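S.K.: This is what each chain is made of:
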Amino acid sequence: MSEPLAGCGPQPGLPRGAAGQRDSAAGRPGPPLWLLLELTYRCPLHCVFCYNPIDFGNVGRELATGEWLRVLEEARALGSVQLGLSGGEPLVRDDLETIVAAAHRLGFYTNLITSGVGLTETRLHALRDAGLDHIQLSFQDSTRQMNDFLSSTRTFELKSRVAALIRKYRYPMVLNVVLHRLNIDHVEEILGMAERMGAEYVELANTQYYGWAWLNRSHLLPTRAQLRHAEEVTARFRERVGSRMRVFFVVPDYFESRPKPCMSGLGRVFLSIAPDGIALPCQAARMLPDLTFPSVREASVRSIWYDSPAFNRYRGEDWMKEPCRTCPERTRDFGGCRCQAYLLTGDAANADPVCELSPHHHLVTEAVERAGQAEVAVERPLVFRGKEPLRG
Amino acid sequence: MADIDTAACPAIGRGFRLQWEPAQEAHVLLYPEGMVKLNASAAAILTRCDGVRTISDIVADLERAYAICGLSADVCAFMELALERNWVELRG
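Protein chains in written order, with my numbering: chain A, 815 to 1206; chain W, 112 to 203.
Any given hint could turn out to be false.
As the list claims (entries may be wrong) - Pair ranges (Cβ atoms, derived):
hint, chain 1, residue 1, chain 2, residue 2, range
1, A, Gly1012, W, Arg128, 17 to 25 Å
2, A, Arg942, W, Ala137, 25 to 33 Å
3, W, Ala184, A, Arg981, 36 to 44 Å
Derived by calculation from the structure, the hints in this document are not laboratory data.
From a predicted model like this one, the values you see are computed outputs, not experimental measurements.
No residue lacks a Cβ here, since even glycine has one placed at the ideal position from N, Cα and C.
Extracted from the complex, chain A is given alone in its bound form:
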């Protein structure tokens, strides 16, 4: 993970603008400026790169409307101000308008992160009246659908319709496209489509490997040559369109030599609430072992944020091992991503192996090298995120 407000699929970036705030000298963490409500794991799509937990069907029942409203009030009282509404597909919840209205009244800046499926004019009208500030439209289609989509089939019509609605209601057109080996060669077509839709911002976010994407990593990791090509195409496109459209290209961190400052440090600015009320310092953190994440059903947001062992576990630097512990970069990258360290090395307190200083860096470079080989040894067939959790 890395981008607090990233919805299903994509990810990273920093909490733009709010990143890098230092904790107070006394060491007490600042407020959770960013609040992400993952309202549901239900979703009409079945994306192979989804970062939702692969056993999401085992997650307990979703919070009721009143419980979400209480979370909003408590978090706002602490100082939360940017709100992401995500999932799953948040439009699956028929109380989304009620939640947006309450958030707006409380003074949140409300961001809806959606695939657009279910965004009818009636609902958009109601959401705007409720005070919705921003919509990020993601292309979260599965690979097969993405191919259909690129060849102008039904999905394209749906997205075009939704894009036209977004423009009609005077929201900026912000598109997010998740890239991986199976679609990264189509960047030119993707950008062309975004241009035709009147996009003002496009984020080309390379897949990061958590949840379903981790399961499918050997299918999804692009080759270096693909990545280079996509970056060249993007650079040419930027030159052509100038300031009319801004394109962000998020490089997959496996190709970097230093890790991303994941979440600007766990427990520093970002608080995510899962559909069942479990509070997390990052959407993917549920996988971290030996931590019991508290539920908003049982504790106040204040006590969860400031006092719970789970939120304090990776604050500060005491948990760090070498090479992070003495590394001058530690105040900037916080040792990278705990989930990635855990997935790759089995210990969440290790340096993120994306870092070339990590003794486990070879795990990343080997995966990249394997992706570059003509015949990729695939461990298992591509797994589409189901409506049901993965079994066996």
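Dock chain W against the given chain A, drawing on the hints supplied.
M.R.: Only chain W this time, still in chain A's reference frame:
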């Protein structure tokens, strides 16, 4: 600075919202997935960008409020920066 028309009326840009945040003891400017924490002078200028007052009005108002003269250059410089970042847009 000569580029700025002081008879124009600045307003907070589309998609941006200015508000006081008690937890940060500061005004902040909110925008899609982002936030800028404002210092006191930026906040003093932006809170006056209501789409009705001209830049000249804002300068005069600030000079009165803070009992200082010659703020025009500073306000215009800030306005250029704010326009460049789409924090404000000019009307009329």
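S.K.: If I claimed the Cβ atoms of Ala184 of chain W and Arg981 of chain A lie 36 to 44 Å apart, would that claim hold in this structure?
M.R.: Distance hint for Ala184 of chain W, Arg981 of chain A holds at roughly 39 Å.
S.K.: 17 to 25 Å was suggested as the range; check whether the CB atoms of Gly1012 of chain A and Arg128 of chain W agree with it.
M.R.: holds, 23 Å
S.K.: Taking the CB of Arg942 of chain A and the CB of Ala137 of chain W, does the distance hold inside 25 to 33 Å?
M.R.: holds, 28 Å
The structure shown violates none of the earlier numbered hints.
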